[in-house]
Amino acid sequence: VLEHLISINNKLGQKEAAAGLLEYARKNNRTDMKVQERWHEKLHDWDQALQAYSTKLETQPDDLALVLGQMRCLEALGEWGELYSVSCERWMGTMPEEVRAQMSRVAAASAWGLGEWSMMEEYSRCIPRDTNEGAFYRAVLAVHKDQHHVAQQYIDTARDLLDTELTAMVGESYQRAYNSMVAVQMLAELEEVIQYKLVPERRPPIIQIWWERLQGCQRVVEDWQKILQVRSLVLSPQEDMRPWLKFASLCRKSGRLALSHKTLVRLLGCDPSLSPSQPLPISHPHVTYQYCKHIYTYPHRRQEAYGRLQKFLQFLAPAVVVVGGGNQNGDNKLRKLVSRVYLKLGEWYEQLHGLNEENIANILTYYTHAKDTDETCYKAWHAYAYMNFEAILFYKGKMDVKGEAPTTPGEDSASGAAAVVTPSKKRSAGDFAVAAVKGFIRSISLSDGNSLQDTLRLLTVWFEHGHQSGVYEALVDGLKTIQIDTWLQVIPQLIARIDTPRSLVSKLIHQLLMDIGKHHPQALIYPLTVAAKSSVAARSQAAEKILKNMREHSANLVQQAMMVSEELIRVAILWHETWHEGLEEASRLYFGERNESGMFRTLEPLHAMMARGPQTLKEMSFNQAFGRDLNEALEWCRRYQRSGNVRELNQAWDLYYHVFRRISRTLPQLTSLELQSVSPRLLQCRDLDIAVPGSYAPGQPVICISQVQSSLQVLTSKQRPRKLCIRGSNGRNFVFLLKGHEDLRQDERVMQLFGLVNTLLISNPDTFRRNPTIQRFAVIPLSTNSGLIGWVPHCDTLHALIRDWREKKKILLNIEHRIMLRMAQDLDHLTLMQKVEVFEHALEHTHGDDLSRLLWFKSPSSEVWFDRRTNYSRSLAVMSMVGYVLGLGDRHPSNLMLDQLSGKIIHIDFGDCFEVAMMREKFPEKIPFRLTRMLIHAMEVTGIDGTYRMTCESVMALIRRNKDSLMAMLEAFVPNLLFYWGHRENKHSKGKGSVGADGETGPSAPVSTSAIAPDPSLDPAPAHTLTPTSVGPHSQAREDGGVSEALNKKAVAIVHRVRDKLTGRDFCTEESLDVHRQVELLIAHATLHENLCQCYIGWCPFW
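Heads up: the sequence shown begins at 1 in our numbering, then just goes up one per residue.
FYI, nobody ran anything at the bench for these hints, they're computed from the structure.
Just to be clear, a hint being listed does not mean it is correct.
Between beta-carbon pairs, the in silico distance windows are [claimed, not checked]:
| no. | residue 1 | residue 2 | range |
| --- | --- | --- | --- |
| 1 | 152 | 762 | 38 to 44 Å |
| 2 | 51 | 812 | 52 to 58 Å |
| 3 | 1077 | 609 | 53 to 59 Å |
| 4 | 96 | 167 | 30 to 36 Å |
When the alpha-carbon atoms are kept at most 20 Å apart in a straight line, the in silico EDC-like pairs for lysine to aspartate or glutamate are as follows [stated by the list, open to error]:
| no. | residue 1 | residue 2 |
| --- | --- | --- |
| 5 | 56 | 41 |
| 6 | 809 | 849 |
| 7 | 835 | 915 |
The beta-carbon is built from N, C-alpha and C at its ideal position, and this holds for glycine as well.
Please put together the full structure from these sequences, using the hints given.
Shown next as structure tokens:
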């Protein structure tokens, strides 16, 4: 059965699922599941398959099935000599005709590989004529003999034979038709070989076409080998080295080191491993460079590779010293190669020796030479800039350890930041800042589009050292060379530092934002209006200064943006909700913390709002219903402030509580809002100049707001988000979730991070074709406690899907919880072992296959179901790894959505990042990500082993390889996180839940989700204790980023924690785990019952 499943998955192009079956067989290790040689072969694990076949052949030398298997493996590995000798040996023996026919194709390939044309002809005679292979090999022989007419006939025959198969496969999917496409390409190139022979003037364009076509092929060693073999009919590897070097590189990266070595030896013309004391041949410098990289792949030969590359450089470097004269194109190629050699030496030196003062100097020397040798090399400038950045961190860390005060270099010292450091001279972090700034600016201007990591690093150095005159001057000169569009991706980071107290830093930031405002006002207007509403005076003043500048050229736009933003906030949080939340907070401060001044500070702006008077019908009705009581309560408060008589304050609180109870009863009835009554100004808006939020893209036509739909649906959840529809000027409707009571700025940053991860996934050949990208959506903050989230169509939360499924099947929604309660009433106070027992009892008595079954039943065909299931497993794996690095918590079923068309899992609500959920007092999370049994059952037959695990490993390997980019993005979170945490601890640590895109509650404390039990927040709390709390008044934070020392240390610790995850030191800081072991441990922790049973019930660990 397993072999059939492996075969089926292979035919369907599901390599990960096929590999998972082999892993499953290994783990189960049963006698009826012994791993077969053919399984390795089907998975293209040729070395393992060859070893298995060879072992069996020792005891069964006459088994022809084993011989054929061995020959197929040798063919795939390119071992033409060994394959040829096996072919010759076996060909003379007796065997059935069908076996000889199978053997003849492989034997013909070996003879072709060695140029034994007479034997190839003999072998080819036995390949059946009515097969694609038969016609193809006969065509190759005809081309070799210059019988071009005969060759063309065979090519046409082969094409006809492929036609039916290809047509059927293409109808299913490109991936399944890919092998047939390669066969068709080989036939086309065989025709081009004939042209190459007959028409000499066509040769250069044919060689160029072949190169470009090869670049478009999937990175599969076997396919490249076949294609290059066809081309070798007219082009020897020495005549066209470029594709063969690329092939050697592909073999090396694919772990096919023997084939990589063989290819490079063929290109070099000798085998350097036979005479290690001799210097490498330098007649073909690019080949020699590739050979050094090949040696470095072996861990025990890294020092040798470094030494050989250094010696190679000594021969090579003098050749590029003289500029001009000779072959300019050749000089440029050599110059680029020398630059790459310097770059690689710097990289290897760091890997071999680590970072200290002396090593930083040596590494920077290499990178300096790399950028100077080829001034247009992005990689050289990036490496140079990044090493200077690392040097800044190194010396800063040294200062922190010694406890020294940071020294700010004077004007002279800052401007003379040398690229090559003399160890004897005492250095500080600031000395490298100018070089880092110049390096990053140059690398950004040279980048081919993806400059986000460099831009973020530049901002870090700018904000930290921009007050130094040398750094300031370098920035002033350098910013002119960077395209203005580059800054659009980091607008949130620039706005976050708009009110920095450092005058030189703020001056440049303001100037840059004004320039962005001139070129891209639509991109800047929404984030700027948020800053203008800040409660911090310096921040709002800085934003107003830039808005004033924008009014000079876009007055109408600014005025409309302020109006739309103000009105959307009014709709997001009605007076009823403002007072409900305000009274809740005031009650907590006064009755929970005895913080009287805090209570008055909370109530004052609410009464001031009432004093300004109502502006809409809804506000008028609130004023009529509650105005008298609230004014009377205010009067009692003023009397108390004059007299100090507590009875007067109690009188006020009796009135406040009376209002709170009445509001609490009316809020659940709020199911829809009419703009006529909540925002007539928004209703009157027609054909505005301002873009639909989140729709602006530079270089594309601006989609402006045409009108706002008059009715808004209010979703029934704790925070009552509204479903808002805006008609765009292109006639399309844009749907948003308008959320109040929540700061969306962190969600906005998370979307930035997902954008970076998607760029990495798309640019990586291994992951590109698997469509593993994270589903993103627009996040537009409107103020510090409201914003818009782009509505994702065709999606439902897992919670809603399971609820609907169980209702339909007449199954109790909380059946697992009930089973647990029947066994033990007081779940929260059980010991760990008792919790495990109760948890496992619930699992044993329920199936947990709801998600799996609804995926099947909601799919219109098996093909659609299969694609959805694959997308589901891949998207779950991608977000498991990215979420783990981000420290994303609170992944209860209402924070995970399923796209019902694609099957992708979509995450929402990113309030708990950087392992905040693991740190909380009550019910801290013990799992790295959500991987419960219901999620596992919805995967393929082998569960975790297969698509999920393989995707996890490829994604983790990718983000570890690109850890610098990820760290740049995550470090940029920190300044804003400090405020966010302080603000959250100070205001929101009341056990309140966060709200997902569908508006369902996801508590971050031991309360149930709306589905497991009634939402306790909908019942008004008893008098004078509207909300219980355990937070003291010490956790203060300012919106301008000023934070306590404790929060600062916490942020630094989190950056270190993320770095450990990206280097495989998250489980053991002494040694770095490889990706396979790291993923294995993460999955083990995520599925461990001891960890799952400790989650709060609302997290639904039994689902």
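Do the hints match the structure? See the list:
Distance hint check: the CB atoms of residue 152 and residue 762 are about 40 Å apart, consistent with the given range 38 to 44 Å. In this structure the hint that residue 51 and residue 812 lie 52 to 58 Å apart at CB holds, the actual value being about 54 Å. Judged by the Cβ atoms, the range 53 to 59 Å given for residue 1077 and residue 609 holds: they are separated by roughly 58 Å. Restraint check, residue 96 to residue 167: a C-beta distance of roughly 33 Å satisfies the suggested window 30 to 36 Å.
Between residue 56 and residue 41 the alpha-carbon distance is near 15 Å, which keeps this suggested pair within the 20 Å criterion. For the hint pairing residue 809 with residue 849, the CA-to-CA distance comes to about 13 Å; that is within 20 Å, so the pair holds. Restraint check: the Cα-Cα separation between residue 835 and residue 915 comes to about 23 Å, which exceeds 20 Å; the hinted pair is violated.
Violation of the numbered hints given earlier is confined to hint 7; every other hint is satisfied by the structure.
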